[in-house]
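Undergrad: Sequence:
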Amino acid sequence: GAQKAAQSTEKDAKDAKARLDALQNDLKKATDEKARMEEQLKVSKSKIDQLEKELENASGNDDLIDKVFAAETENSKLKEDLALKEKEVEKYKRRINELQDAAKGKDAIDEEIKNLKISNKELRRRLEKYEKP
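Numbering-wise, the sequence shown is residues 1 to 133 according to the working numbering.
There could be a bad hint or two in this list.
[To be verified] Listed below are the simulated DSS-like cross-link pairs for lysine-lysine, each with C-alpha atoms no more than 25 Å apart in a straight line: (1) LYS91 with LYS34; (2) LYS93 with LYS104; (3) LYS67 with LYS28; (4) LYS28 with LYS91; (5) LYS42 with LYS4; (6) LYS45 with LYS79; (7) LYS77 with LYS87; (8) LYS91 with LYS4; (9) LYS79 with LYS34; (10) LYS34 with LYS117; (11) LYS129 with LYS17; (12) LYS79 with LYS91; (13) LYS29 with LYS77; (14) LYS17 with LYS47; (15) LYS14 with LYS121; (16) LYS104 with LYS34; (17) LYS67 with LYS53.
[Claimed, not checked] Between beta-carbon pairs, the in silico distance windows are: (18) ASN57 with LYS77: 43 to 53 Å; (19) GLY1 with ALA108: 48 to 58 Å; (20) ASN61 with GLU39: 27 to 37 Å; (21) GLU90 with TYR130: 19 to 29 Å.
Keep in mind that the hints were calculated from the coordinates and are not lab data. All residues carry an ideal CB built from backbone N, CA and C; glycine is no exception.
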């Protein structure tokens, strides 16, 4: 029984580690993606600034107005995507913290069980002294 329990505890620990690794991998991917999106947003913003300068110099150019509008639309979309990606990153961070907290809790319980077993042995030893005729 104890061996089976130890094996299942070991399996649980491996599963938790695998889940944690997977989450940390997802977090890294999401963080890299977020950095890439922030870069895209900077490029998009400078493109808008450039187009607006051109527009000032060539007032009333419909083609240019369309370009500015398209660039601003793209910029808004990038901002929305980035906001979603930031939420995803936060979600992974939260999940990782929850898993780590759960692991700490489990370690504390295991430690408590070990201490109880030790004090149990200690009590048995003391009792044996009295039981011996």
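Undergrad: Next, verify each hint and record whether it holds.
TA: Hint check results:
no.: 1; hint: LYS91 with LYS34; result: holds (13 Å)
no.: 2; hint: LYS93 with LYS104; result: holds (16 Å)
no.: 3; hint: LYS67 with LYS28; result: violated (35 Å)
no.: 4; hint: LYS28 with LYS91; result: holds (12 Å)
no.: 5; hint: LYS42 with LYS4; result: violated (56 Å)
no.: 6; hint: LYS45 with LYS79; result: holds (10 Å)
no.: 7; hint: LYS77 with LYS87; result: holds (16 Å)
no.: 8; hint: LYS91 with LYS4; result: violated (35 Å)
no.: 9; hint: LYS79 with LYS34; result: holds (11 Å)
no.: 10; hint: LYS34 with LYS117; result: violated (49 Å)
no.: 11; hint: LYS129 with LYS17; result: violated (45 Å)
no.: 12; hint: LYS79 with LYS91; result: holds (18 Å)
no.: 13; hint: LYS29 with LYS77; result: holds (20 Å)
no.: 14; hint: LYS17 with LYS47; result: violated (45 Å)
no.: 15; hint: LYS14 with LYS121; result: violated (30 Å)
no.: 16; hint: LYS104 with LYS34; result: violated (30 Å)
no.: 17; hint: LYS67 with LYS53; result: holds (12 Å)
no.: 18; hint: ASN57 with LYS77: 43 to 53 Å; result: violated (27 Å)
no.: 19; hint: GLY1 with ALA108: 48 to 58 Å; result: violated (23 Å)
no.: 20; hint: ASN61 with GLU39: 27 to 37 Å; result: holds (29 Å)
no.: 21; hint: GLU90 with TYR130: 19 to 29 Å; result: violated (60 Å)
Taken one by one, the earlier hints fail for this structure at numbers 3, 5, 8, 10, 11, 14, 15, 16, 18, 19, 21, listed in ascending order.
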